[in-house]
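Here the protein sequences come in this chain order: A and B. Everything in the first sequence is counted per the working numbering, starting at 5 for the first residue and increasing by one. Everything in the second sequence is counted per the working numbering, starting at 5 for the first residue and increasing by one.
Where hints are given, some of them may not hold.
It does not matter which identical chain is used: a pair holds within one copy or between any two.
Claimed, not checked - Straight-line distance between alpha carbons at most 20 angstroms, and here's what the computed SDA-like set of lysine to any residue pairs gives:
hint, residue 1, residue 2
1, K24, A136
2, K142, E196
3, K254, E64
4, K142, S282
5, K254, A179
6, K142, G283
7, K142, R55
8, K142, D178
9, K142, G120
10, K47, K142
11, K142, E63
Since the hints were derived computationally from the structure, they do not count as laboratory data.
Protein chains: 2
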Amino acid sequence: MKLATLRTAQNTTSAAVLRKDGAAVLLDAPDVGALLDRPEWRKEADAALHREAETVNSEELDFAPLLPRAGKVVCCGLNYGDHIQEMGRDLPEYPTLFAKFADTLTGARDVITVYGSSRVDWEAELAVVVGAPLRHAKETQAGAAIAGYTVANDVSMRDWQNRTLQWFQGKAFDATTPVGPVLATADDFPPEPTFQVEGYVNGELVQQGDTSTLVFGPARLLSYISGFTTLRPGDLVLTGTPGGVGMGMKPPRFLAHDDVLETRIEGIGRLVNRICISGDTAVSPY
Amino acid sequence: MKLATLRTAQNTTSAAVLRKDGAAVLLDAPDVGALLDRPEWRKEADAALHREAETVNSEELDFAPLLPRAGKVVCCGLNYGDHIQEMGRDLPEYPTLFAKFADTLTGARDVITVYGSSRVDWEAELAVVVGAPLRHAKETQAGAAIAGYTVANDVSMRDWQNRTLQWFQGKAFDATTPVGPVLATADDFPPEPTFQVEGYVNGELVQQGDTSTLVFGPARLLSYISGFTTLRPGDLVLTGTPGGVGMGMKPPRFLAHDDVLETRIEGIGRLVNRICISGDTAVSPY
Numbered sequence: 005m006k007l008a009t010l011r012t013a014q015n016t017t018s019a020a021v022l023r024k025d026g027a028a029v030l031l032d033a034p035d036v037g038a039l040l041d042r043p044e045w046r047k048e049a050d051a052a053l054h055r056e057a058e059t060v061n062s063e064e065l066d067f068a069p070l071l072p073r074a075g076k077v078v079c080c081g082l083n084y085g086d087h088i089q090e091m092g093r094d095l096p097e098y099p100t101l102f103a104k105f106a107d108t109l110t111g112a113r114d115v116i117t118v119y120g121s122s123r124v125d126w127e128a129e130l131a132v133v134v135g136a137p138l139r140h141a142k143e144t145q146a147g148a149a150i151a152g153y154t155v156a157n158d159v160s161m162r163d164w165q166n167r168t169l170q171w172f173q174g175k176a177f178d179a180t181t182p183v184g185p186v187l188a189t190a191d192d193f194p195p196e197p198t199f200q201v202e203g204y205v206n207g208e209l210v211q212q213g214d215t216s217t218l219v220f221g222p223a224r225l226l227s228y229i230s231g232f233t234t235l236r237p238g239d240l241v242l243t244g245t246p247g248g249v250g251m252g253m254k255p256p257r258f259l260a261h262d263d264v265l266e267t268r269i270e271g272i273g274r275l276v277n278r279i280c281i282s283g284d285t286a287v288s289p290y
Numbered sequence: 005m006k007l008a009t010l011r012t013a014q015n016t017t018s019a020a021v022l023r024k025d026g027a028a029v030l031l032d033a034p035d036v037g038a039l040l041d042r043p044e045w046r047k048e049a050d051a052a053l054h055r056e057a058e059t060v061n062s063e064e065l066d067f068a069p070l071l072p073r074a075g076k077v078v079c080c081g082l083n084y085g086d087h088i089q090e091m092g093r094d095l096p097e098y099p100t101l102f103a104k105f106a107d108t109l110t111g112a113r114d115v116i117t118v119y120g121s122s123r124v125d126w127e128a129e130l131a132v133v134v135g136a137p138l139r140h141a142k143e144t145q146a147g148a149a150i151a152g153y154t155v156a157n158d159v160s161m162r163d164w165q166n167r168t169l170q171w172f173q174g175k176a177f178d179a180t181t182p183v184g185p186v187l188a189t190a191d192d193f194p195p196e197p198t199f200q201v202e203g204y205v206n207g208e209l210v211q212q213g214d215t216s217t218l219v220f221g222p223a224r225l226l227s228y229i230s231g232f233t234t235l236r237p238g239d240l241v242l243t244g245t246p247g248g249v250g251m252g253m254k255p256p257r258f259l260a261h262d263d264v265l266e267t268r269i270e271g272i273g274r275l276v277n278r279i280c281i282s283g284d285t286a287v288s289p290y
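Assemble the whole structure, with the sequences as input and the hints as a guide.
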């Protein structure tokens, strides 16, 4: 089952379930996070698929960020062996984690406008959506609580990220992390599925990763995070990016104004985001 | 004016304004964050002070975290000259920032229960509460948007904090950062006020800082943060801790079970939190 959060009017969104033909049936919830908070969400979405209902054609879908009000967005860095080596580091004993805000997220087809950075880099990632509360959860329990999977790009402002020891400020620019277009629910996949993650810039493949090579897989990550903070339905965990980021190239390469960033995971979907680098320094004193 | 968020019943809180005698008048808002979201919050609170109303005696106040649903909690590290030198680092050009969640916060008199860490350290801090939306704000605009000041202790699990390069996981344990007891509104102070921040363990003074020595003061911090993400009424910014943390002592000293952590800022209030170190490893697989 594929769920999405769609913009339906000015400042209004709705959760939706996608039919096989790509058309969407709207659900009675403002977004996928609100939907997941209901124990009966699968039944609700399934019933909507099978009833005669008004639909939105696939060409007319306006994807909001999948979880526009996510309470927690936790990201893992340095989680693919090849990317870790690219950055010159050893395989980790513990996951390197940092946080984003719901405001950091943006839609699957949105223009990403960046103010005040000249080193905008890409990080194609598999993201995991939490479907049940988790606290001090063991890995099996965490695995069972995965609602499903989505596509994200942890677009990173490397100049800000590297201003200090803590990456957060370069990772939390408003509306710069596309997430979506859909939540592909876990029941559509075998247990512990693996995915091919791909990142493209202007059609050129720049990143490729196999999530079977993750040092910390989805269930292990959720279990670990739940060891210090409660995860709830609609929370989002980004699993890290494979090798091929711009910063690791020789010479380093960053996104330019009007570049098109594409992020694909087969079996889930793709993000296509045009980059707008704003030279409007009047609005950004830094 | 002093505002608080009080627990009024099981799972219920209310914003309140404190009278000079310490008694609280309840306001028609679930917490201080919700109150600040209303343009007329000062008038509302002021009117409540001057009308005949039911009050809660000062001895009966049950302080919830001041901002139990804060959308953004941003913390600054390495912001006092003496603490920076204690940690062996140079004075910074940019603020070192990281995030916490609303779930990380706890009340001014609450027991702080820590699961799975044996290196629990203290960080007494001045915290700033945002009173108006800020985006790409200059320093003067940011200063004018400060609703007021409160007391916080950025209790840090040093073992988790130092597992990786990113501090976040050691800073985001549920219900470990006390914030309160009150918001002292900015209009009670001169512009750019300075505060004496003090931390005590079992009555012994361990930290003392003067916020006039902050490298990045409140307005500058808010302005900087607003350069990458929107701040909104009820968001919280922790300004960093002065020298005297346990990790910096020789030998290092950490909080033990049943220790009492006290955090004081004259003119605002004090936090008194008993520490509970849980040995219940059955609930924490890490």
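Earlier hints that do not hold, by number: Violated: hints 1, 3, 5, 7, 10, 11.
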